[in-house]
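Take the two lone chains and join them into the complex the hints point to.
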Amino acid sequence: MTKTIFTVAQVNRYVKKALDTDALLAGLFVEGEISNFNAHSSGHFYFTLKDAGAAIPAVMFASHTEVINFVPKSGMKVIAFGRVSVYEKTGQYQLYVEFLEPAGIGGLQLAFAQLKEKLEAEGLFSRERKREIPRFAKTVAVITSPTGAAVQDILKIIRERNRAVKIIVAPAIVQGEHAAPDIVRALSEVNSHGEADVIILGRGGGSVEDLRAFNEESVARAIGASKIPVISAVGHETDFTIADFVADLRAPTPTAAAQIAAFDHAAVSAHLRELQADLMHALAEKLRENFDTTKFLLANLTRAITERLADNRKTLAHREILLEKVSPYAVFKRGFALVRLARNEENAISSVKQLSPGQTVKITYADGAAIAKIISAGEDV
Amino acid sequence: MTFEEKLNRLEEIIERVENAQTPLEEAISLYKDGVKIAGECGENLRGYENEILLLKKEADELILESQVFS
Chain A
1 MTKTIFTVAQ VNRYVKKALD TDALLAGLFV EGEISNFNAH SSGHFYFTLK
51 DAGAAIPAVM FASHTEVINF VPKSGMKVIA FGRVSVYEKT GQYQLYVEFL
101 EPAGIGGLQL AFAQLKEKLE AEGLFSRERK REIPRFAKTV AVITSPTGAA
151 VQDILKIIRE RNRAVKIIVA PAIVQGEHAA PDIVRALSEV NSHGEADVII
201 LGRGGGSVED LRAFNEESVA RAIGASKIPV ISAVGHETDF TIADFVADLR
251 APTPTAAAQI AAFDHAAVSA HLRELQADLM HALAEKLREN FDTTKFLLAN
301 LTRAITERLA DNRKTLAHRE ILLEKVSPYA VFKRGFALVR LARNEENAIS
351 SVKQLSPGQT VKITYADGAA IAKIISAGED V
Chain B
1 MTFEEKLNRL EEIIERVENA QTPLEEAISL YKDGVKIAGE CGENLRGYEN
51 EILLLKKEAD ELILESQVFS
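Those sequence lines, one after another, are chains A and B. Counting from 1, position 284 in the first sequence corresponds to residue 284 in the numbering used here; the numbering is continuous, with no gaps. Counting from 1, position 49 in the second sequence corresponds to residue 49 in the numbering used here; the numbering is continuous, with no gaps.
These are computed hints drawn from the structure, not numbers from a lab. Treat the hints with caution; some may be incorrect.
Covered stretches of chain B, going by a simulated chain A footprint (3 or more residues, C-beta under 8 Å) [stated by the list, open to error]:
1. 3-16
2. 26-38
3. 49-61
On a predicted model such as this, the values are computed, not experimentally measured, just so you know. The beta-carbon is built from N, C-alpha and C at its ideal position, and this holds for glycine as well.
The following block holds chain B by itself, in its conformation from the complex (with noise of 0.2 Å):
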């Protein structure tokens, strides 16, 4: 699943829990996966995050360079 469809799948959840036609232990299973899916956006944030910083640093150290360069 993208980021997107994990967000999507989150919001199909939460309307089925809240929905009294849910059978409760569906409603259980369902919230149990949707902490699941929250934790899984949470973790992927964070590693785009890292990501991002490792890259910010890369292109700060190739524009110092090029001003050494030039």
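Chain A with its partners taken away, still in its complex shape (with noise of 0.2 Å):
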């Protein structure tokens, strides 16, 4: 018997080959907590598979974590889906995965949290980028499945609501996994379209499965892209989606969003013609005021002249008196004269002692006068 010498190539390739026709290690679930975890920069994962008492070596490729919706870390539960295999360099075994889903909680449920933080810490769901949502859209986009009762909701409360609205109804697959690149083109059609003043995205209610689409992180910064401020209105009350926080407002339903997006017609209407009728009493009552201040000037006008006139009537009444009181003729009526000497009437006799006896002088009164003699003058006639 000859001894046989392999290369240590030729074990490996070998070992590898009795691995690779192994039916069980083609394709093969694992549960194990992953240590040494390491993403490489060409995309691929290297890590250690454990458990208590036993590891593996695993890598995944960039063409499969690329599909994986969360980011695996040392320290976490994992189910891995993969086949064993050599790599022939090293001769180690090792477990190629092929997928990757955390195990206890739902794979869905931490990719939420995971996308909800690094969005959040983006800063996408802050309110600084919310965007107002206008009071009087002319025209509303409504984003959601052609075929689900979502679409009659919306479109019968905003008829109710408000005809004069335009409605554009853009259809969408909302659930499978097409779901979300359809989500993200009628965002982006809507959007240069350009038209919709508000856009409704929504879908009724389903499984948080069904409601995936709304949390993916490509619909996520759609949402955030988007010109137009997004309704969004995803499920019943209860269900939150990633999309609900991004968009600029969240409708409990789409019911809901529909009363955001349309205005009451009826109400608007009511309460402008309430405005009007206020304006109206308040300019009334201010034409009044100033009616009244006018009347109110006027009269005070006429008030302050009728009392000047009034005045200067007493002031001339006044001033009669005292004309009166120093008028020669109140003199004479007293029993007064004037003396003035007859051959020289120009200036009257105002003292005894212009008076000398024999002189002649006139004596006048109101209504005459008097030649009269002087016989003696003097200071005890």
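If you want it as structure tokens, here you go:
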């Protein structure tokens, strides 16, 4: 019997072939805890899957890491699906992971939490980012399934409230693996069309799996990138999706979204009439006040001039009395007379010293005069 | 003069007419001005009133119209 001597490569290839042809090892689920996790810049993940007493090296290539919706970490319990084979260079056998899912809590739940944390950290949910929903939208775009109950509810409510609002229904797949890219497409189309003042994005209630598209990063980013404000209306009141956090406003239901997007024409008209009545009232009041002021001022003016005239009349009467008092006629009435020299009537005689016996004087009264001769004149005549 | 300026002018005129320092002839002349200004104010107010009534009618028609539309 001749001794066969193998090369190292031959051994490894042989073992690899043996493993690769094993039916079980070609595809199996393995549960364990991740350790030594390393995400390589190439996109490949390298880690060790271990449990209490054992460990197996694992590799997950970029083509597979791209599709998982959570970020693995050391210490995380996972269920991996893959095949067991040999890395010929080192002779090490390892698990070639094709799909990875968190064990324990549901994968979707973890993906939700992680995506929420990530987008929140980016500020995508921040209040400052939220655009205001227009109160009086002229055009409302509705992105939802054209066959679902949600679109019917939305159309009905909008029409009830306001027949003038234009509605653009942008049909989109809202469930299943094509849903996310289709919603992204619809959002982008409504935005480039540009007519809508507000977008309602939603669907009726369903399982967490049904609402999955609304928890996808691509949908979240498309909502964030929308130039038109987005109202999310996904499922029931108790369902919260990533889309709800990014949206400018979250409506609890599609019906509520319709109520927010379309203003109630009757109510607004009534309010408008009220405002108009208030305005009229205010203006009428202002006019009345000014009329009153004008009337008051005119009355004041008339009173002022009347008073001035009355004052002047009083002054005049007073002066008349004074005048009367100083008038020579008043003096005549009291028995006094004007005495002048008959030959010189220029000056009135105002003192007895101006007179001497024999002089002829003219004594003038109000109604005439007399000529007299001075017989005697002196201080004690 | 704006409406308010006219009202202010009226008050000023009243003060000057009331003031005994103002010669009577001037007070009479001021009174004539004042009456004229008060008349203008009344005219202005009636004009505004008519304008408002007209605008209200137009607004009423617009609101009614939009009700028909909805």
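Hint check results:
1. Requiring three or more residues with a Cβ within less than 8 Å of a Cβ of chain A, the coverage given for the stretch 3-16 of chain B holds, as 6 such residues are present.
2. By the rule of at least three residues with a Cβ nearer than 8 Å to a Cβ of chain A, the coverage given for the stretch 26-38 of chain B holds, with 6 such residues.
3. Restraint check on the stretch 49-61 of chain B versus chain A: 5 residues with Cβ-Cβ distances below 8 Å, three needed, restraint holds.
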